[in-house]
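Chains as they are written, first to last, in the numbering used here: chain A, 82 to 273; chain B, 82 to 273; chain C, 82 to 273; chain D, 82 to 273.
Rather than coming from a laboratory, the hints here were simulated on the basis of the structure.
Careful, some of the hints might be misleading.
Remember, identical chains collapse to one label, so a pair may be satisfied in a single copy or spanning two.
Stated by the list, open to error - No more than 20 Å apart at the CA atoms, straight line, and that leaves these computed lysine-lysine pairs for PhoX-like:
(1) K197 / K152
(2) K101 / K150
(3) K136 / K173
(4) K201 / K250
Number of protein chains: 4
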Amino acid sequence: MAKKKKKAAIKKAAEEKSAKIRADFLTDRVVTEISDEARELFNQSRYGTQLDSGKIQLSLIEALYLMEKGKIEIYKTKNKQFKPEEFIKKAKKLEPNFWVRYCVFRDIRNRGYIIKTALKFGADFRVYDRGIKPGEDHARWIIYPVYEGSTLTWHEFAGKNRVAHSTRKRLLIGVVDDENDVSYWECRWIRP
Amino acid sequence: MAKKKKKAAIKKAAEEKSAKIRADFLTDRVVTEISDEARELFNQSRYGTQLDSGKIQLSLIEALYLMEKGKIEIYKTKNKQFKPEEFIKKAKKLEPNFWVRYCVFRDIRNRGYIIKTALKFGADFRVYDRGIKPGEDHARWIIYPVYEGSTLTWHEFAGKNRVAHSTRKRLLIGVVDDENDVSYWECRWIRP
Amino acid sequence: MAKKKKKAAIKKAAEEKSAKIRADFLTDRVVTEISDEARELFNQSRYGTQLDSGKIQLSLIEALYLMEKGKIEIYKTKNKQFKPEEFIKKAKKLEPNFWVRYCVFRDIRNRGYIIKTALKFGADFRVYDRGIKPGEDHARWIIYPVYEGSTLTWHEFAGKNRVAHSTRKRLLIGVVDDENDVSYWECRWIRP
Amino acid sequence: MAKKKKKAAIKKAAEEKSAKIRADFLTDRVVTEISDEARELFNQSRYGTQLDSGKIQLSLIEALYLMEKGKIEIYKTKNKQFKPEEFIKKAKKLEPNFWVRYCVFRDIRNRGYIIKTALKFGADFRVYDRGIKPGEDHARWIIYPVYEGSTLTWHEFAGKNRVAHSTRKRLLIGVVDDENDVSYWECRWIRP
Numbered sequence: 082m083a084k085k086k087k088k089a090a091i092k093k094a095a096e097e098k099s100a101k102i103r104a105d106f107l108t109d110r111v112v113t114e115i116s117d118e119a120r121e122l123f124n125q126s127r128y129g130t131q132l133d134s135g136k137i138q139l140s141l142i143e144a145l146y147l148m149e150k151g152k153i154e155i156y157k158t159k160n161k162q163f164k165p166e167e168f169i170k171k172a173k174k175l176e177p178n179f180w181v182r183y184c185v186f187r188d189i190r191n192r193g194y195i196i197k198t199a200l201k202f203g204a205d206f207r208v209y210d211r212g213i214k215p216g217e218d219h220a221r222w223i224i225y226p227v228y229e230g231s232t233l234t235w236h237e238f239a240g241k242n243r244v245a246h247s248t249r250k251r252l253l254i255g256v257v258d259d260e261n262d263v264s265y266w267e268c269r270w271i272r273p
Numbered sequence: 082m083a084k085k086k087k088k089a090a091i092k093k094a095a096e097e098k099s100a101k102i103r104a105d106f107l108t109d110r111v112v113t114e115i116s117d118e119a120r121e122l123f124n125q126s127r128y129g130t131q132l133d134s135g136k137i138q139l140s141l142i143e144a145l146y147l148m149e150k151g152k153i154e155i156y157k158t159k160n161k162q163f164k165p166e167e168f169i170k171k172a173k174k175l176e177p178n179f180w181v182r183y184c185v186f187r188d189i190r191n192r193g194y195i196i197k198t199a200l201k202f203g204a205d206f207r208v209y210d211r212g213i214k215p216g217e218d219h220a221r222w223i224i225y226p227v228y229e230g231s232t233l234t235w236h237e238f239a240g241k242n243r244v245a246h247s248t249r250k251r252l253l254i255g256v257v258d259d260e261n262d263v264s265y266w267e268c269r270w271i272r273p
Numbered sequence: 082m083a084k085k086k087k088k089a090a091i092k093k094a095a096e097e098k099s100a101k102i103r104a105d106f107l108t109d110r111v112v113t114e115i116s117d118e119a120r121e122l123f124n125q126s127r128y129g130t131q132l133d134s135g136k137i138q139l140s141l142i143e144a145l146y147l148m149e150k151g152k153i154e155i156y157k158t159k160n161k162q163f164k165p166e167e168f169i170k171k172a173k174k175l176e177p178n179f180w181v182r183y184c185v186f187r188d189i190r191n192r193g194y195i196i197k198t199a200l201k202f203g204a205d206f207r208v209y210d211r212g213i214k215p216g217e218d219h220a221r222w223i224i225y226p227v228y229e230g231s232t233l234t235w236h237e238f239a240g241k242n243r244v245a246h247s248t249r250k251r252l253l254i255g256v257v258d259d260e261n262d263v264s265y266w267e268c269r270w271i272r273p
Numbered sequence: 082m083a084k085k086k087k088k089a090a091i092k093k094a095a096e097e098k099s100a101k102i103r104a105d106f107l108t109d110r111v112v113t114e115i116s117d118e119a120r121e122l123f124n125q126s127r128y129g130t131q132l133d134s135g136k137i138q139l140s141l142i143e144a145l146y147l148m149e150k151g152k153i154e155i156y157k158t159k160n161k162q163f164k165p166e167e168f169i170k171k172a173k174k175l176e177p178n179f180w181v182r183y184c185v186f187r188d189i190r191n192r193g194y195i196i197k198t199a200l201k202f203g204a205d206f207r208v209y210d211r212g213i214k215p216g217e218d219h220a221r222w223i224i225y226p227v228y229e230g231s232t233l234t235w236h237e238f239a240g241k242n243r244v245a246h247s248t249r250k251r252l253l254i255g256v257v258d259d260e261n262d263v264s265y266w267e268c269r270w271i272r273p
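So that you can see chain A by itself, here it is in the shape it has in the complex:
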């Protein structure tokens, strides 16, 4: 019995150790291994895109988020993992707006929303209502992440609102402050 218990303990420890999904950094994205856990990332939580191979392709933003949550480990070579700081540095080089977009992505995800790219709509992100998954219903908001110190012209502001209006979504402006906190303003064009 003691032996059996020990075996179970070893197995459990091994499972815990391997609880993190392996993912490989590939130039400008991150691709997971094929596993039930990886599939769950996509099926349950709607991270990334499922490739034909069954692997999940994550954006750099999604990858950092899952790394910080302890869900994945990102490998730069076969045996060498990225440290978070190192990964952020890499990502910032590849995507100049990485950090401001990441802050908003993280905050929205932490609040329980699914957030995906909105390039096709002419915006940064689209956000689904709580409990809604992409495909089940339309996104509720499009989000523009900005730094609080950056400048806004009224022409740009008008443009962002028009994009939201033309896609029948609400406009959410996510302003990231010096402490990486995000405040949100919902804006809409009205004729009083």
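Given the coordinates of chain A, assemble chains B, C and D onto it according to the supplied hints.
For chains B, C and D alone, coordinates are given in the frame of chain A:
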């Protein structure tokens, strides 16, 4: 009967004569004479503030609006009236944002709202719902009038919104374009 | 006869001298005197907006353009004119994007198009086809003026295109180089 | 009759067996065996380049596309095939922009266009109108594939357009988003 007619004619002539309320320019505001018509400006349409003397004190913006509507005549000296252009020039010197603020005031008034200063709320104007007069209910919006060519940091944008939020009003941004037309965006702080 | 001729010559010289329309700088715009020449600016060439007084209100961009063309003189006080450099400095302070927008405005005007604000459409400018005046037909393009050294995110690019698409206008990007020359690219979203 | 049937059966089996063309990975490209099927890839569908030997040389992108379509098998050694994921990883190491370029190539091919490298034009790809093969007519577009998170200066944007203009082709910008979907914008330099 003839007497009655005559009386009516006299009354009408008096009305016509007194159709324009006399108002005097006093350094940085405009004060009306004491008359029923002047009182009506305040009681009915909520222009200005009633002074203890019974005169109505108008802001420069209100005064220009009423002058352009043909309701008042503004005197710079005992016998000399301001021409509109002259008054605008004077007002612009006294208040650097006079024109952009006036464009928004005029547009909102023309749309049938009562609009008053919101200095004590830390904002430009407060606007009451159609049919609502100050005192009857809270203002619905505070308005921030800006010129399309000007810019803002998101930090400043957040500040304007905070003012609105703390006074439990909605923020309306009124952007005046080069053709003096005003476009409006309603913004509100949300915690998604 | 000689006397008559002399008189005529003096009159003509005076006319030429006064050929320039007087305009006053008022905080953030420029307003012309009332004259046939000023009215022509608006009626014929569609500069500015006509005020109720008959004066023409010009944007800072329009004012500089007309000053450089020798059509107007801009006064900062009753007797003191702006020098072009001085006016540009003032305008840049009031409108941080003044210069890049001015370069595009000037270039488009020089090419024979009428160009007006497009704030209502969510863009900087709208441009009418040659020979078309505002009101006669819809604008053909909306224009975004940018500096060649500034950076473009694809989300912003997608947004600008969507604004144009939703307003049924073509998108023209006007890129201003170090020598203030402007190059244009017409862009549209397609499904190949 | 039986003979005829048998012959047909043998032919069919042969076809099925040879359905997948063998191709070998050679440092940075892939070269097919000599076969009618391989030749068809080039003659009919215009994949790759025909070598003097009669073999077809494929780019890494073409090779992955044909592997995913089940047309070819890629061998890393005499007997060992690449798995798709393995091949992608290899290709990404060799070509940093492999994935974004592959996404655009695949999308354009799937839409029924022939797409070839445009290295000699100073661009990524050239694309022929539907039904047009290289040699029959000029390419219609050159395509610039980019990832949505990347940025560009307008100077670089102008450069891409100049390349297209100087080769008398239109520029198509293909922006790959986090879901591997591609959006297209057609741009052209104009002198308004």
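Evaluation of the provided hints:
Proximity of K197 and K152 under a CA criterion of 20 Å is satisfied intra-copy only: 18 Å inside one chain copy versus 34 Å between copies. For the homomeric pair K101 and K150, the shortest alpha-carbon distance inside one copy (10 Å) is at most 20 Å, but the shortest distance between copies (33 Å) is not. For the homomeric pair K136 and K173, the shortest alpha-carbon distance between copies (16 Å) is at most 20 Å, but the shortest distance inside one copy (25 Å) is not. In this homomeric assembly, K201 and K250 come within 20 Å of each other (Cα to Cα) both inside a single copy, at 13 Å, and across copies, at 19 Å.
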